[in-house]
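Peer 1: Residue numbers (our numbering), protein chains in the order written: chain A, 5 to 260; chain B, 39 to 275.
Since the hints were derived computationally from the structure, they do not count as laboratory data.
Idealized CB from N, CA, C, for every residue including glycine.
Label pairs and their calculated CB-CB ranges:
# : chain 1 : residue 1 : chain 2 : residue 2 : range
1 : B       : Phe202    : A       : Phe135    : 41 to 49 Å
2 : B       : Leu85     : A       : Met6      : 44 to 52 Å
3 : A       : Thr188    : B       : Lys234    : 47 to 55 Å
4 : B       : Asn237    : A       : Thr126    : 37 to 45 Å
5 : B       : Ser88     : A       : Val18     : 33 to 41 Å
6 : B       : Lys234    : A       : Leu41     : 37 to 45 Å
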Amino acid sequence: MMKSLLSIARYTFVQQFRNRLYLVVLFFGALLMGVSLLFGALAAEQEVRVIFDLGLLLTELFGIVAVLFGAVTLVLEEMESKTIYLLLTRPLPRGFYIVGRYLGLVVSVVISLLLMGVIHVTLLGIKGWSFDPHYLAALPFIYLKVCVVGALAVFFSLFSSSAVASVVFTLFFSLLGHFGSELTFLARKSESVLSVLLVKTIIVIMPNFQFLNYRDVWHIPGSPPLSLWVWGGAYAVLYAAACLSLSIALFSRKEF
Amino acid sequence: MSIKRTVLTAGIFFMAFLFSAQAISTVFFTPRWPLFGAPSMQDNALLDVSGVFIGARRFAADLAFIQLLQYYGSEETEHEEGEADSLAAGVSLSFYPHLLTYARRSVGLDPYFHDVYLFAAGALAFNLNRAEEALSLLAEGKKADPTFWRYQLYAGAIAFRKSFQMDKVIELLEEAIQYPDCPPLLENILGNLHKKKGNYARAAQIFRHILETSRDQGYLDAARRQLETLRSMGYTA
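With the rest of the complex left out, here is chain A (with noise of 0.2 Å):
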């Protein structure tokens, strides 16, 4: 069963290195990546940390595009081609489908990561920049956001069935993770009872990215110990296992 899982992991990896959309995207990011050399210019003596923190941010916000649209096309493309059929009449449990592609996705998104890590590294480094270990602890960080959000999308792509919606519904989500801090405090002001009910269930069921934003809080003094993040790793592990077992559930119900 495992090497099931496991050969449906490795064709998806190998078939997001196939696809057009990514690569572009790839190439898209790396390009944007030299256009941070010209913010760095218009920065003067914060050249180095606007170099920083741009190239943390696309790096982040690509693998995220990659994920996502590598997410909702996974297992809507398959069925929309009936390629699907050939895998679900092998005795191959229909979760094991599931989270194999997933691993695939995945692993495939973090190798794009460390690729434009590397090229941020060697711009970085070119500017002057002398190692902060701080970095490496951000990419893991990073990856697993865009674990969260390839979670979420592949959940949203078996909900809705349709790839647009599923985009929509997982970006909204993504952006409404990193706002938790103001949704509180609306809620706190709210007098309604109704409205402070419905914010408090959007911040539980939404993923709390700000658990995982170590690249836009590190430099701040009594910012907690990288030890402590791993809460936010388990709490980024558990919420993906979550929106899979959901999708499992979808998958389960499809007829084919």
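We have chain A already, so just place chain B on it with the hints.
Peer 2: Positioned in the frame of chain A, the structure of chain B alone reads:
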């Protein structure tokens, strides 16, 4: 796996991540950014909100700082940078009237962006003769991050500047420039103060240091001009 079992598994994972979220909130304090209600310039509100929405407050603050530099570098150019004392007579508040607002916009997004406080306070106090604004900005910085003691160092220099105790100002600025985050604006001011006092050798050293370390073309050109002037007087770094 049956659907019921799958949904049950999902429910378990859901409860587990809720638990971990609660544990994170109670076990440790995730850095709380100020709520996005800081005075933001109307024209750039959308840009700032977008930065917050995608979890990029640091980068949004960087962009705001770039706009501050563009604002400060693009308008009035009738006076030389760092000519602090000569500016004391006749500078009007209409020069860069929104400099403080620009600085507040950047630190409203990232209150731990120390360089914005230091740069803007230096420009306000030493170039634009608006010491009160500079001191209020440094006070905000100190409130946001009481551990960054250099705010007090700069505030001290500005306070002495107000009472025209230039020797004290030089003493504090000499200490400030030892740190890598000291903006070249202040190095430039210190160089000019030394030049005014007749300490040409020390002034030349400072301008040489700016030439070697600064990335800002404006300060590089100013340092080059100053070194040429000093060289013509027989002083080199």
